[in-house]
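J.: Next come the chains, spelled out residue by residue.
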Amino acid sequence: MSEIGSAQPGGVLAQPSQRFDGDWTRRRQVGSRLLGRGLLYLVLTALTVLLVAPLVWMVSASFKPEGYVFEYPPRLIAEQIQWWNYVEAWNQFPFWRSLRNTMTITIGVELGRLLSASLTAYVFARLRFPGRHALFLLVLSTMMIPYHVVLIPQYLLFRNLNWLDSFRPLIVPHFFGGGAFFIFLLRQFFMTIPRDYDDAARIDGAGAFGILWRIILPMSKPALATVAIFTFMAEWNDFLAPLIYLNSQEKYTLAIAIRQWQQVAVWGAGAYVPPTWNAIMSMSTVLTVPPVLIFFFTQRYFIQGVVISGIKG
Amino acid sequence: MLWRRNLSLQARETRDAYIGLLPFLLGFVIFIAGPLIYSFYLSFTRYEILSPPRWSGLANYTRMFGEDEVLWQSLRVTVIYTLVAVPTQVVVGYAMALLLNLKVKGLSFWRTAFYMPAVVPAMAVAYVFSWMLQSDVGLLNQFLRSIGLPGPKWFGDPNWVLAAFILMSAWAVGGTLLLYLSALQGVPTELYDAAKVDGANAWRRFLNVTLPMTSPIIFFVFLTGMIGTFQVFTVAFVTTNGGPGNASLFYILYLYRTGWEYLQMGYAAAMAWLLFVILLVVTLLSLRLSRSAVFYEGAQE
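So the protein lines, in turn, are chains C and S.
Following the working numbering, the numbering of the first sequence begins with 2 at its first residue and continues without gaps.
Following the working numbering, the numbering of the second sequence begins with 522 at its first residue and continues without gaps.
Quick list of the computed label-pair ranges, beta carbon to beta carbon: (1) C:Met104 <-> S:Arg725: 46 to 56 Å; (2) S:Ala554 <-> C:Asp166: 24 to 34 Å; (3) S:Ser572 <-> C:Ile82: 55 to 65 Å.
In case anyone wonders, no lab produced these hints; they're calculated from the structure.
Since we're looking at a predicted model, the values are computed, not measured.
The C-beta atom is built at its ideal place from N, Cα and C for all residues, glycine as well.
The task is simple: from the sequences and hints, build the whole structure.
T.: Structure representation (structure tokens):
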């Protein structure tokens with residue numbers, strides 16, 4: 002969209018001719034416009050510095066020796082670069098196991114959501130059946146129900162099933178619909194695929210679900226990627242649900258394990274030794290890097306997700 | 522396979538549709554509708570998990586509206602936070618998007634920089650800010666002191682702790698940016714051209730074209746922002762855990778405590794229902810108000 006905007010006449014291209022027509026007021030206008038532009042970029046730069054500074058400080062502190070963390074004015078790079086803040090921190094709690102737990106849960110949720118949200122979305126995008134309108138409203142209305150209202154009964158349900166302290170309460174529900182937001186997003190995308198493809202496949206003998214599997218899904222990779230990325234972000238950040246459902250340390254997700262490590266004690270040390278700020282910043286950096294990297298490299302999917310879902314929202 | 526051929530095309534489509542919807546419908550009953558009803562029932566019981574729920578009539582609700590000071594404190598905290606954080610999100614985010622919509626060079630660079638804080642996990646945000654906002658040695662207070670201002674105690678001071686939370690949410694304000702930008706870029710250029718022909722200056726063009734054309738998105742950001750701030754949990758749990766003296770006891774934090782620390786599931790269910798009703802009322806009210814304030818293109822009068 003931005004390419005279209007900048008290609009318009011009357012923008013940057015029109016200015017040189019105006020500058021040489023000798024008209025003083027014109028010239029002053031151009032001058033003030035240049036000044037305005039300068040001011041604009043100044044404001045943008047200031048905002049960027051303000052917004053990025055905390056992250057830069059976080060990373061920089063994660064490499065500093067303990068005594069330098071509160072140094073003022075802060076130095077970007079201390080005299081000593083202390084890589085082992087990281088190693089020390091992840092030796093103090095089962096870092097790799099909790100990372101593996103987070104990944105296991107995430108993969109499970111991805112699988113469940115991609116399968117079941119696309120199935121549900123496909124039905125609403127393509128099939129005609131009585132009750133379709135009412136059922137779609139039902140899907141949308143579930144977006145209005147805060148997770149916390151159903152949290153207690155869900156917890157009791159999983160408790161009765163003896164599923165507490167396992168990954169099942171965190172994964173299994175996502176196989177049943179995959180969430181209204183994602184159903185909506187995928188449906189919007191599926192509807193942009195021309196029906197001619199369906200018809201061609203139908204002539205070749207494909208049934209409704211064959212069309213979904215062989216035509217719609219392969220053509221919807223960008224939308225599926227958007228769903229996968231949003232899901233990764235949500236699972237990586239998830240805190241309350243793992244906190245409630247996982248009780249034993251070997252089941253903890255990374256976020257819960259880091260919280261436990263920061264709060265309770267250094268493992269095996271016997272006495273309570275709180276981790277130092279440089280160590281905490283190293284683990285904060287570890288938590289921050291994957292989502293930020295993914296955001297960097299998959300921005301267009303973010304934007305697409307917003308464009309597909311937001312405009313009609 | 523004979524029965525299959527006998528079905529009419531429409532009947533087959535209907536059958537396929539309901540087969541396809543089966544997971545969603547099951548999920549709706551098991552994980553949403555059922556729990557919603559069951560938690561309504563639980564809200565009229567005393568249920569301490571170890572023994573089965575016992576009917577207690579309106580006891581939870583009388584406790585909620587009559588005796589429980591802490592609940593009102595948590596509501597107050599949540600509402601104050603919402604009232605400051607949401608307008609900040611709406612207005613500052615919109616202003617950022619307007620700046621970036623001025624045909625700036627390197628749009629994707631600025632967009633990335635502004636949006637980035639929004640993808641940082643809540644835990645990391647909580648740790649970074651509780652480090653930067655340390656009362657004596659924190660970077661922000663050292664900076665304030667160096668220019669001669671007294672730094673508040675932030676997370677340690679009941680009067681300032683919410684300000685610290687608002688600061689954290691303001692930092693991630695760029696999360697609304699993508700939504701706003703796509704709305705701004707969706708405004709048809711013909712409208713601006715027409716306004717220019719009519720002699721409207723930049724300010725009038727903003728008031729009469731940009732603002733009304735993007736008002737549905739502004740409203741959307743407002744509504745989702747509000748629903749979000751009512752459900753703050755992680756940052757509060759990690760930084761202050763409600764303190765000092767319940768000054769940052771957000772509603773969900775109190776709900777978590779009631780249910781999973783005090784094991785009062787009946788009362789927690791009542792709290793969950795109160796939250797549900799509050800959010801429902803707020804949503805319906807703002808939908809109603811929005812009808813006069815928000816411009817929907819192509820909407821029938």
